[in-house]
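Residue numbers (the numbering used here), protein chains in the order written: chain A, 1401 to 1728; chain E, 61 to 349; chain P, -1 to 407.
Hints listed in this document are in silico derivations from the structure and should not be mistaken for laboratory results. Treat the hints loosely; a few may be bogus.
[What the hints assert, rightly or not] A few chain E residues that don't get close to chain P, going by computed Cβ distances all over 12 Å:
id, residue
1, 211
2, 227
3, 234
4, 338
[As the list claims (entries may be wrong)] Stretch-level coverage of chain P by chain E, calculated; a stretch enters the list once three of its residues show a Cβ under 8 Å from a Cβ in chain E:
id, segment
5, 40 to 47
6, 348 to 357
Built from N, CA and C at the ideal position, the CB exists for glycine as well.
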Amino acid sequence: MVLFAALALLGAVFNSYLISLLTIVFLFAFIGQSWSLMLGLGGQLSIGHALFVGIGAYSVAVLDIKYGLSPWLGLLVGSAIAGAVGAALAWLSFRFEVRGIYFGLLTIAAAEFARVMFSGWEFVGGMQGLFFPAQSGESSLLMLRGGARFYYFVALGAVAIGVGVTALIRKSFLGYVWRAMRDDEDASRALGVRTFLHKVLVVSISGAWAAVGGGLLALVQGSIFPDSIMGMGISIDVLIGPIVGGLGTAFGPLIGALIIIPLDHLMSAFSDSIGIPGLNNVAYGIVLIAVVWFLPDGVWPALIGRFRSQKRLPSIRSQIVQTQEVRQ
Amino acid sequence: MALLWANVVISGVLIGLVYGLIALGLTIIFGVIRVVNFAHGAMVVFGLYVGYCTGLWWGMPTILAALLAGVLMFGVGYCLESAVVTRFVTRPHHVQFILFIGISLLFTGIQLIWFGPDPRPSVSQLSFETISLRGIRIDLARLQAACATTVLILALAAFLKYSLFGRYIRAAADNRLGGLIVGIPIPKIYAITFGIGTACAGFAGALISPLFDAQPYLAVDFTLLAFVTVIVGGLGSFVGALIGGLTIGVTEAVAALLFAPSMKTALSYALLIVVLILRPKGFFGAKEV
Amino acid sequence: MGDTFNKDLTRRTVLGGGVGLAAGLMPWHARAASRTVKVGSIMPSSGVLAFPGQACVRGINVGARFAKERFGVEMEIVHADTQSKPENGRIAADNLIRQGCTVLIGAWDSGATISALQAAEAAKVPMVVHIASATQVTSQGFTQVFRFYPTSLTIVRQSLLELKSILSSVDNPPKTAAVLHLNNTMGQSTAASIDQAWKEVDVPLKIAEYVPYDEKARDLSVEVAKAKASGADALVSVTRVNDAIMITRECIKQGWNPKLIFSPNSNGVQDKAYYNALGKYGDGAILSTVWYNPKAPDTAAIIKSFEASYPNEWLDANSGCAFEAVQIVADAVVRANSSVSADIHAALKKTDMDPILMYCGKIKFDGSGQNINSAVTMLQGQGGSPKVISPRAIADASLQYPLKPFEAR
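Let the hints inform the model, and build the full structure from the sequences given.
The structure is reproduced here in structure tokens:
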């Protein structure tokens, strides 16, 4: 609460660089929350979240640019489509017992398949992409158009809602069921949990959520192309934040994105300044390795753990490892 | 027309075997250690650069360059496993994923700094040569890669089956805990297996350097390609990699001939989705995961 | 405005802008600069677009040195990398504006350009787009954009006119062509433009087939076999450098010797890597692009300066356009006699300058910010390097036709 109030206040005074940087941070945090929900609570690994992001982005862009409809409608339609696609994908996979890493690989295949299809689909511009008109300068909440600061608050609002929803789900019946299912699917099924239904549900919700983020990202970028909005790059960028921050926690994805994206930009600026492009990739790679090495559960649980060491629950990592050991 | 079809199918078979070669390293590592090496593509690209450099500096034939790259990458893989990857063997897949993304970025960044972003083409004359049999043209570089794939697979299979080390590796793949109990040096076996996997990636990379120009950011493409191949064939199986490669190669070639070639990549992903759903472990998937 | 920077930035700029200066033999005697301006350069210098992105950075650095001599404008170039991600365009632009840049140059790909333009629009900082060919860059109502580079349709139309005149000047011209094109942003829009302009221009060549291929295609043997099987005796290909090499290799392997290989709006013949890969087989193919004028008075000196800084690279279309963009900015700064954004913007609007390096008409921007006098150049690979064969006025070689069969080389 305090954090968001502070961020909102600071939004009024930050310079435009921080504003646009943090807007992207919030959007990736928001999409990261959806990814984190799916793996951290539902136990389903997705490495193709770009599929949902892309669907959301294209829904907003097509409805806005081609038909002049409000992006709100685009967000709604996009998340409905992405939710349905997610449900269909999950239904198919889980119906045929595609599990674990294989499900992750299936999501990559689905995302790449969609990317190639979109790049040949003339109606949505193919590889030539879709472009929003330039901002007129006045903000309109109805049409979701406005300057950088406007999008900052939109993205901040989204991420705040995301934190709230994640916290609610964690404490709700659904949250307990999902975590039980994540930790031991067979046992929870034996206890009467309809795991199939719940797995489809969590993928579908996560997909719909990610699509909203995708739609906002499209508005902020001003143009979309299949290879950038639906490419492997987005899928990877999306999941780094939550893993660094703390998987399945309410604040993890936000904290992770707040750390990793500005760090990436700083390193990039540094390698520009000394004229060695590529150094940023090296540094980023080392940071990623270091984070999973030293902070296996992410930054947020480590911070919390420092304050509340007694009350600390067994970490997700150890739970999953235990499950795996049992299976083996 | 028949000639065109024959040419296309043969070219599909050959490129399919090349795909199999690229994918081989990935499947070995998964089959034994059960980690999914997302840095595989970066290692293939490393092999490409070895092929490029040795050709440029010493005029080394591709096949020798491939052996050299294999030896080099064995070292890299061995060290990488025993220093880093070993700590992550029992960790969840998403953590391993981030680890390998990190390693991949590290490799790519180093390649970008060292060689720059320009495509580095092989100087080998092999990239232009073909043999012609009654109107059917066979690409020599691909033929060489295809033969090497077959030999390599046979050699690896024999190694696994008949050598002591091979038996250790199979034991480790079957049952890690059991292997530990009967005194098999599992950590060492893992490091060697990982080394063999990366060596295959490097070997493949150098061998295909007459076909693909080395560029740092090809890594992701090669990783995805290797994935599609091994999943269609079955993650963790040698024969699977071969069959997967052949399936993808021929399907893509025929699809490119019949439909718009720009859609052929989509077709291989569609194939992958179908295979995953109907036979989640692929045609020749490892028995348990 | 121009001198509001802190210590950290000076160090950064000096280091960033002065890459290779140590090795550089300065061919121009530096005059005392009369005007200082801070210029932000947004390029994809890492990520998948690093190849063209780094070429642009080289053009900017050499351009800044030249501008100091020619216009007496002291440019402080601050580089920002988009990592080839569109969303970073805006962040990079805002970062540069924050650091006091009063004019921007960038961003090579249309996605990052649009994203950066939004920041430029909000801050009212003019942005000179050296390359980005999507029509929408100048048609979406941005007021701060000034694009040097022509749209795909313009390039293709001019290229086809040139092609037509080539075809009418040779004996035994080809009859049909197969169009083999990359299906990325550039390739698809170029192919669409070819489709549109081919009839308009009335090229005396029948298109037998369009063969599009995916950017991530690992193998083009079937594509080339398909083109060959269409019975075409000319190949029109839209390529980047990697696939230009792959296509030529496949032509050699499959024994296909079209009479003419022509690549509108492409890479390949203009790149060093192409000749490194293909050697003697690289000769003969024709390519149209926005290229430098080999006969312009300063070209020789500029190339010399470029080679002194970057001995392993060529001055290509990417670095050339970036170079020219710097000169456009310098010219505007001199006429504005100010380094304030609004003044530079006003001056840019009135730009009417002879290009320094690139071949085109007088650089002038229309109401939407598009350079109206752009021109294309036809290059042919001859003796292991690209030679200008058309337009006549600037040609440094004459057309070789037909393509010498590959096996006879």
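Here is what the structure says about each hint:
1. With a closest Cβ-Cβ approach of about 22 Å to chain P, residue 211/E is found to remain outside the 12 Å limit, as its non-interface label requires.
2. Interface exclusion of residue 227/E from chain P stands, the closest Cβ pair being 36 Å apart, more than 12 Å.
3. No beta-carbon of chain P comes within 12 Å of the beta-carbon of residue 234/E; the shortest separation is about 34 Å.
4. With a minimum CB-CB distance of about 25 Å to chain P, residue 338/E clears the 12 Å threshold, and the non-interface call stands.
5. With 3 residues bearing a CB less than 8 Å from a CB of chain E, the segment 40 to 47 of chain P meets the requirement of three and the coverage assertion stands.
6. Under a criterion of three residues with beta carbons nearer than 8 Å to beta carbons of chain E, the stated coverage of the segment 348 to 357 of chain P fails, only 0 such residues being counted.
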